[in-house]
Amino acid sequence: MMKKALPLLMALLLIVMALSACSSNSGNDPGNATNKPAGSGENQASEQPSEEPAEEVTLTYAIWDSNQEKGLRQIADEFEAQNPNMKINIEVTGWSEYWTMLEAGATGGSLPDVFWMHSNEIYRYASNDMLLDLTAKIDGSEKVDLGKFPQGLVQIYNFNGKQFAVPKDFDTIGLWYNKTMFDEAKLSYPDETWTWDDLYNAAKTLTKDGKYGILTPLHNQEGYYNFIYQNGGTVITDDKKSGYDDPKTIEALEYYVKFIQEGLSPKIYGDAERAEAMQNGLAAMGFFGSWNLTGFTENEFMAQNFDVAVLPKGEKQASIFNGLGHAIAHNTKHPEEAWKFVEYLGSKEAQERQAELGVAISAYEGAAELWVSSNPTFNIQAFVDMVDYAVIRPYSNTTAVWEDKAYEALLPAFSGEKTVAEAAKQAAAIMNESLAQEK
Amino acid sequence: MHRRISKQMRNEWYWGWFLIAPTILGLIVLNIIPIFQSFYLSFFKSGDFGKGNVFVGLDNYRKMADDPQVWHAVMNTFLHALMVVPFSIAIALVLAVLLNGKRKGKSIYRTIYFIPMVAAPAAITMVWKWLYNSQFGLINVLLAKLGLPKVEWTSNPDIALVSIAVIGIWSVIGYNMVLFLAGLQEIPKDYYEASDIDGAGKVRQFFVITLPLVSPTLFFVLVTSIIQAMQVFDVIYMMIEVTNPAYDKTVSLVYLFYNNSFKYSDKGYGSAIVMLLLAIIMIMTVIQTKTQKKWVNYM
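Protein chains in written order, with this note's numbering: chain C, 9 to 447; chain A, 198 to 496.
Don't read these hints as lab results, they were simulated from the structure.
Ideal Cβ positions, reconstructed from N, Cα and C, are used throughout, including at glycine.
Any given hint could be a false lead.
What the hints assert, rightly or not - Not everything, but these chain C residues come out facing chain A in the computed CB check (under 7 Å):
| no. | residue |
| --- | --- |
| 1 | Thr108 |
| 2 | Ala114 |
| 3 | Thr115 |
| 4 | Arg132 |
| 5 | Asn136 |
| 6 | Leu226 |
| 7 | Tyr277 |
| 8 | Val409 |
| 9 | Asp412 |
| 10 | Tyr415 |
| 11 | Leu419 |
| 12 | Ser423 |
Based on the provided sequences and hints, a complete structural model is requested.
Laid out in structure tokens, this is it:
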């Protein structure tokens with residue numbers, strides 16, 4: 009009897025143990041009250057200091073880019089110096105984990121007080137009342153004037169006429185090139201007169217001896233999106249339909265994929281490997297966003313050999329343009345203090361500090377010039393020059409979903425299993441299917 | 198007489214329950230309740246942030262049946278288990294037998310083999326990622342020294358799953374080995390001495406004495422290894438991005454569950470996927486417990 013029961017019991021226990029690993033993750037159940045004690049427990053901890061006579065308030069400030077932490081810490085220190093009763097706690101979480109963290113926080117009622125928002129996610133957070141409505145606060149503020157920010161950026165964070173975030177910075181995509189490799193091949197450096205043909209010819213000349221002329225990976229924002237808009241195509245139409253089946257879009261993708269097909273670009277897919285290919289002199293040209301600047305400046309090889317230029321022009325000039333915003337949690341314990349901090353971050357003073365410190369290209373009118381002088385290593389004026397004709401990163405209410413689906417559909421074109429047109433049509437179909445499910 | 202025993206029995210029962218209560222409570226709160234919650238959620242189209250879930254009946258399951266990616270994932274998960282389980286068990290068993298005898302420095306070897314188990318899977322994967330790097334990785338550099346062509350370990354759709362399985366085997370060997378060592382210590386020395394006198398060689402001893410007598414441990418290791426291999430996630434998650442050409446050939450059920458639940462915020466569909474995995478693991482475990490009579494010897 010015992011002999012029979014023991015293994016059975018053991019097996020049962022094993023199953024339970026095994027399942028727990030995956031199931032415990034999905035425990036964020038609809039309106040589950042059990043989540044709340046954990047959240048309020050944390051809040052109590054942060055409330056405790058306020059019982060002290062000094063009434064110190066600690067705000068958590070969540071960001072996803074560790075490159076910016078140092079500069080933002082300095083700005084936060086300066087803010088703390090002006091507001092002795094407040095402390096800013098910066099929490100860095102990597103990009104993809106950031107959204108998992110934020111979602112768990114939103115579901116469990118323990119969002120950070122102040123955090124970065126992105127065009128991919130703003131809809132979900134704004135439409136579900138997870139963010140504090142800042143409209144009235146901005147109207148009553150002397151420091152923040154939305155008119156001083158690019159209107160495209162302000163619009164991203166406007167939902168149903170309410171403003172849910174104050175623009176922080178913007179970014180554009182530049183053409184990074186290896187000067188040494190250009191010199192050796194006796195080619196002139198890329199500049200604003202460059203066309204698609206120039207880019208192609210240079211890539212062809214530079215590809216030799218196991219080195220590649222260019223790097224054109226499967227990457228949307230730092231890759232083919234730019235070319236699509238340079239060719240007059242689109243990724244998403246105004247009436248929220250996929251633009252992947254637009255002949256102009258397909259044409260641009262064909263141009264982009266040609267570099268891989270002809271062996272002018274290495275087949276590199278990972279995000280980290282892309283930068284490595286530049287930093288090891290494997291590829292002579294590559295497309296990278298302005299947010300890579302700190303990392304590239306710190307890399308000795310890149311600082312010595314590289315420079316950056318505006319993107320080449322197709323039918324017209326274009327670069328993908330996006331910007332983050334500062335949002336406040338709807339249920340923060342300290343709405344006044346949190347606003348004070350966000351207001352400061354959106355003020356002329358802090359925006360200029362952010363630019364001077366080289367943290368990011370400040371969105372505030374005129375501050376970008378300060379950013380340019382923050383970095384003598386590269387010709388980063390190029391990033392600011394592109395703003396005039398930059399296109400906002402395509403987005404809708406469920407960007408994160410269809411972006412991945414489009415990647416999956418486009419992969420066969422990059423690996424050569426399908427023609428670009430076939431893959432693009434597939435991407436359009438799957439993206440439209442996803443868009444149709446949007447509310 | 199009769200009464201006194203039952204009283205003592207009851208007392209023992211109370212103590213027994215008292216002692217396992219912490220574990221039981223933990224299992225219920227952290228494991229069993231979430232299982233039922235996931236099951237419940239798999240019938241809903243989940244709203245954002247746990248609000249506004251809409252009951253959709255079996256829609257998620259229907260969608261799953263039509264989703265080729267789910268079936269890719271089932272295939273990949275099985276293939277992964279098929280590679281990891283036999284190799285990790287065979288290697289671990291051989292190592293355990295070798296390190297069981299009187300041998301110089303055996304505790305050093307035991308420690309070395311067990312170290313991967315102590316390190317965090319994410320850290321292990323980072324190191325392997327560097328080794329596998331197609332341009333500058335150590336493995337490819339060594340291959341190049343030997344005049345062999347470079348291999349795209351993590352982006353060639355035909356190879357990537359093998360690369361992942363290698364990490365799985367490597368990291369679990371030490372753990373299985375320790376379990377086998379424990380099993381081997383249970384085997385009385387008399388059998389070996391008797392067979393020595395009868396003139397049996399080491400290999401024959403292994404198959405005739407060691408293997409049958411270590412079979413209860415083998416059964417335990419087999420069941421746990423299969424479950425663990427079926428749940429592969431972290432290695433693939435860290436190594437294979439959606440833009441990787443090997444994505445379709447490596448995506449596992451748990452990875453797909455993660456992507457749908459957390460990246461695409463479709464928790465209902467994610468729960469349905471994890472229920473499929475639950476069903477598969479449950480069936481496999483039931484089959485194993487049923488067939489164990491045929492080959493497991495409890496002494």
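Evaluation of the provided hints:
1. Thr108: Holds, because the Cβ-Cβ distance from Thr108/C to chain A comes to roughly 5 Å (cut-off 7 Å).
2. Ala114: holds, 5 Å
3. Thr115: holds, 5 Å
4. Arg132: holds, 5 Å
5. Asn136: holds, 5 Å
6. Leu226: Holds - the Cβ of Leu226/C comes within 7 Å of chain A, reaching about 4 Å at its closest.
7. Tyr277: Holds, about 5 Å.
8. Val409: holds, 5 Å
9. Asp412: holds, 5 Å
10. Tyr415: holds, 5 Å
11. Leu419: holds, 6 Å
12. Ser423: holds, 4 Å
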